[in-house]
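S.K.: One letter stands for each residue in the lines below.
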Amino acid sequence: MPVIALAEAIARHVQDGASIALEGFTHLIPFAAGHEIIRQRRRGLHLIRMTPDLIHDQMIGAGCATSLTFSWGGNPGVGSLYRLRDAIEKGWPQPLAVTERTHAQMAVAYQAGASGLPFGLLRHYAPTDLDRAAAAPAAELRCPFTGANLLAIPALNPDVTIIHAQAVDAGGNVLIRGITGAAREAALAARTLLVTVEAQVERFGADLNAVVLPAWMITAVSVVAGGAHPSYAAGCYERDNRFYVAWDDIARERATFTRWLDEHIHGSRDHAQLLQRLGVAA
Amino acid sequence: MPVIALAEAIARHVQDGASIALEGFTHLIPFAAGHEIIRQRRRGLHLIRMTPDLIHDQMIGAGCATSLTFSWGGNPGVGSLYRLRDAIEKGWPQPLAVTERTHAQMAVAYQAGASGLPFGLLRHYAPTDLDRAAAAPAAELRCPFTGANLLAIPALNPDVTIIHAQAVDAGGNVLIRGITGAAREAALAARTLLVTVEAQVERFGADLNAVVLPAWMITAVSVVAGGAHPSYAAGCYERDNRFYVAWDDIARERATFTRWLDEHIHGSRDHAQLLQRLGVAA
Amino acid sequence: MSAPYTADEMMTVTAARQLRDGAVCFVGIGLPSAACNLARRTHAPDLVLIYESGTVGTKPRVLPLSIGDGELADTATAVVPLPEVFAHYLQRGRVDFGFLGAAQIDRFGNLNSTVIGSYTAPRVRLPGSGGAPEIATHARETLIIMKQSPRSFVARLDFMTSVGYLGGSGERRRSGFPGGGPRAVITDFGILRPHPETEELELTALYPGVTAEAACEATGWPLKRAARIETLPPPQASDLEVLRKLQADTERAHSSTLTIRITPQT
Amino acid sequence: MSAPYTADEMMTVTAARQLRDGAVCFVGIGLPSAACNLARRTHAPDLVLIYESGTVGTKPRVLPLSIGDGELADTATAVVPLPEVFAHYLQRGRVDFGFLGAAQIDRFGNLNSTVIGSYTAPRVRLPGSGGAPEIATHARETLIIMKQSPRSFVARLDFMTSVGYLGGSGERRRSGFPGGGPRAVITDFGILRPHPETEELELTALYPGVTAEAACEATGWPLKRAARIETLPPPQASDLEVLRKLQADTERAHSSTLTIRITPQT
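Residue numbers (this note's numbering), protein chains in the order written: chain A, 1 to 282; chain B, 1 to 282; chain C, 1 to 266; chain D, 1 to 266.
Isolated chain A (complex conformation):
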């Protein structure tokens, strides 16, 4: 597991047309990696995420994606993702094919992918319109022991999963502290696993039961301080709630969005420069 620059990791391991999960649940969202995907102008991606948020709004608005598998797509506590909506409602900058799940369905799909199983299971009762509308298959199963009705959701095994974490140690292992969401399951399910971290340390000195991903299952690690901004990294920095609010105005119109993208993403060499431009770097 080499520690390499983020630009190199994306260039080498994220191909046009790949299915790619950037996970993180409010916490540890791999923004820097998403920005680098935009900078390198990847196209035709199948984005996978339980809660696509600003970074997905940006990637979709930038034209990186042609499909999306998700369970909740909004700006948490603020409102809509206007670029996501524009893609679905008006096909701008291109149509976005949607595979819609519930949180629990995404969770068992990642778990199945992480466990080498072809599908995950949930208890199932009467179908909703969500079951009827789903573009991707799901199947009802009957329990051979109890007769109970179940829903099978095909496993998710992304070509690439990217997550952000607090630290990598000298052995190349990665430590995640705090809310993990489904990031660990998405990491374990991936064919290629890229990780960005806040810092490189000699040893974690972590608890016996700490959440650690072994070096040998990671394809590459990149050290990107502030790499989860505007989300947060527990123990490192807080969530930039103001940016989430400000995004509402930036993303509402195509023109303001495009200008922001050009100035901030394409106009920044890397994440450090972006954070300086945003005035949050110290």
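Hint data in this document are derived by calculation from the structure and do not stem from the laboratory.
Certain hints may be false.
Heads up, simulated DMTMM-like pairs for lysine to aspartate or glutamate below, C-alpha to C-alpha not over 20 Å straight-line [claimed, not checked]:
{"no.": "1", "chain 1": "D", "residue 1": "LYS59", "chain 2": "A", "residue 2": "ASP207"}
{"no.": "2", "chain 1": "D", "residue 1": "LYS59", "chain 2": "A", "residue 2": "ASP169"}
{"no.": "3", "chain 1": "C", "residue 1": "LYS59", "chain 2": "B", "residue 2": "GLU202"}
{"no.": "4", "chain 1": "A", "residue 1": "LYS90", "chain 2": "A", "residue 2": "ASP249"}
{"no.": "5", "chain 1": "D", "residue 1": "LYS245", "chain 2": "D", "residue 2": "GLU9"}
{"no.": "6", "chain 1": "C", "residue 1": "LYS224", "chain 2": "C", "residue 2": "GLU200"}
{"no.": "7", "chain 1": "C", "residue 1": "LYS147", "chain 2": "C", "residue 2": "ASP8"}
{"no.": "8", "chain 1": "B", "residue 1": "LYS90", "chain 2": "D", "residue 2": "ASP158"}
{"no.": "9", "chain 1": "C", "residue 1": "LYS59", "chain 2": "B", "residue 2": "ASP169"}
{"no.": "10", "chain 1": "A", "residue 1": "LYS90", "chain 2": "C", "residue 2": "ASP8"}
{"no.": "11", "chain 1": "C", "residue 1": "LYS59", "chain 2": "B", "residue 2": "ASP207"}
{"no.": "12", "chain 1": "C", "residue 1": "LYS59", "chain 2": "C", "residue 2": "ASP249"}
{"no.": "13", "chain 1": "D", "residue 1": "LYS59", "chain 2": "A", "residue 2": "GLU202"}
{"no.": "14", "chain 1": "C", "residue 1": "LYS147", "chain 2": "C", "residue 2": "GLU217"}
{"no.": "15", "chain 1": "C", "residue 1": "LYS59", "chain 2": "A", "residue 2": "GLU238"}
{"no.": "16", "chain 1": "D", "residue 1": "LYS224", "chain 2": "D", "residue 2": "GLU197"}
Take the given structure of chain A and dock chains B, C and D to it, following the hints.
M.R.: Quick look at chains B, C and D alone, frame taken from chain A:
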């Protein structure tokens, strides 16, 4: 969740004929609780455990159990469980009906029980004699998406699960540190959950991602220092490897076993007295 | 003359009052979170709060702005992987109360949080289901908080994301759903509850000074009225004091300037 | 004249030599554990050891006496719940080598660790399968360590607990098993490996001073011999030094007196 004496917890919550999982994987085996079950002369229990070891040899030899669901029954690193073997091979002190699984099958059965699912899933290929001999049902399923063959194992939801842990805090929550095996899954799957702990503390001061069971899912907690002896409790004391070796001689013959049981278990008021008698209490 | 409390405060206090002490509550962000934390600070100190981010038994000192704020993790009994929240807690039947909101609700408490218009060519694409379908399925009782208007309280949902009582008269129960369904819909007019037999939502309580006529006009179907419509008590001064302090503390906590120490990228 | 090394040492060193550096190895207690830790201290410093107790990437300073010793947890990269070891590592296909022993093996490397005699009325009830069936199923390659005797190397298993090559000649592969099956059976005589086509185990290597005849006599079926039988090199002095130091350290570490502080029960 009340903190009560172990004798009271067993008297109140472990009924004759119940299915009862004492979990723990080499680490944190709830020996004190098992001894109390013997002292209170419970009968007709269905014992459930991945790795029934000395405590199960004792309960089976003492006549507490009429059935056993398990995946590996031995004295780790030493050899046989003679009381378990005597029950299966010769029906002494009474016949023991066996439901035999693999580790992975037990694991998914507990996971299913913990998750409100009626069965757990494993990939499956050609059947072994274990599949053919299994007294309890398992069923082959075909994946509706890939055609892959799978094996469904009915969920385990013990009437009572008993586990041992390091500490209970002032709020009644329980902290487990180190190897958890399938203890947490067995706890989550239980209808009634009893926990013995090394100590009561005001606050854990534990890591964000520590393994903690919330007070409200626990039926009762009992403070029993050394409650995992002769297994160990990380951070508290080591494994008593000599006792595991000594057990081989104690358990080999019915007479020596019965004498040991009378002297040590029935002859001790509680676990503290037993540990003093065994010369390990300080 | 301005009221001594706002409509949001009335809703929040009313919602908080639905929660009994010691219950296990699956909390969404916004009004549900405010209501739960108000309840925890007033009549229900042992209310167990679970947020879908995996923070179990959390006791936030200020209101979280997102479902996964650091404050929720720092004050939690346990932080577990998200899949476990849905499996070990919700599907396992350990959740007493689930709190839901939606863009549309129908007379049987079924909810839409997916699209306005058609699914394939939506007029408005909403954020989607999130955890709502499973909360609606498994929580022993669900509480729904929504502002009432003919556009949101509709005769026919554009899309059924989460189930309430389906077509009513026991259809939900007959379909085997383990949870009991919507027990109360708390609106900015009062409370709607299911009729014991038909399970159609009916107006059972109103805030002080609000008329049943106004509530009916704000509903897109002919809203039935219960035989006896209760007038809900206004927030107590102590409720308002606690709620406003919580909100002031929240604002203060979230107003500090963010700085991130960046070191050169390797 | 006593040999400069024991039969166990020869087996352990030979087993260690089968492991390539950087491989991920699912380790059982006893000889496999000694072999893996010897390999890690000699030619394979980056060997990744996983014990079924959930200790991943562990680097024990002394040999564990049980599969879940504290030493394994204290020196692990990660301690995960046991179900995850089987799901995320083994079934997910992340394990290169699995180490197995058994009470009986047949000519196709199928294993019995369940009963001697009939299942319902066993002559000897053995501990049972543990994780062996899934290791045998999923590990890319399995290594088997067993002392050879006509009672353990049998023409017909009393019970098939874990699969080797089933009936051979590709039956395992045709049945869809993801792992490759037994690559080597390390005995106290030498090594048996599957024939490339029939997959029947044949004698391919012998320890110095051991005859093929002796190995065949210790086998309960007519053991085939490979066209060329290699003579395995004896343990190097450095191997023996490392192994003996490891065992001495182990003995010392486990010989301290146990005391448990007990406080009055509440």
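S.K.: All hints are to be evaluated individually against the structure, with a verdict given for each.
M.R.: Here is what the structure says about each hint:
{"no.": "1", "hint": "D:LYS59 x A:ASP207", "in the structure": "16 Å, holds"}
{"no.": "2", "hint": "D:LYS59 x A:ASP169", "in the structure": "16 Å, holds"}
{"no.": "3", "hint": "C:LYS59 x B:GLU202", "in the structure": "17 Å, holds"}
{"no.": "4", "hint": "A:LYS90 x A:ASP249", "in the structure": "19 Å, holds"}
{"no.": "5", "hint": "D:LYS245 x D:GLU9", "in the structure": "13 Å, holds"}
{"no.": "6", "hint": "C:LYS224 x C:GLU200", "in the structure": "8 Å, holds"}
{"no.": "7", "hint": "C:LYS147 x C:ASP8", "in the structure": "9 Å, holds"}
{"no.": "8", "hint": "B:LYS90 x D:ASP158", "in the structure": "19 Å, holds"}
{"no.": "9", "hint": "C:LYS59 x B:ASP169", "in the structure": "16 Å, holds"}
{"no.": "10", "hint": "A:LYS90 x C:ASP8", "in the structure": "34 Å, violated"}
{"no.": "11", "hint": "C:LYS59 x B:ASP207", "in the structure": "17 Å, holds"}
{"no.": "12", "hint": "C:LYS59 x C:ASP249", "in the structure": "14 Å, holds"}
{"no.": "13", "hint": "D:LYS59 x A:GLU202", "in the structure": "17 Å, holds"}
{"no.": "14", "hint": "C:LYS147 x C:GLU217", "in the structure": "13 Å, holds"}
{"no.": "15", "hint": "C:LYS59 x A:GLU238", "in the structure": "18 Å, holds"}
{"no.": "16", "hint": "D:LYS224 x D:GLU197", "in the structure": "14 Å, holds"}
Checked against the numbered hints above, the structure violates only hint 10.
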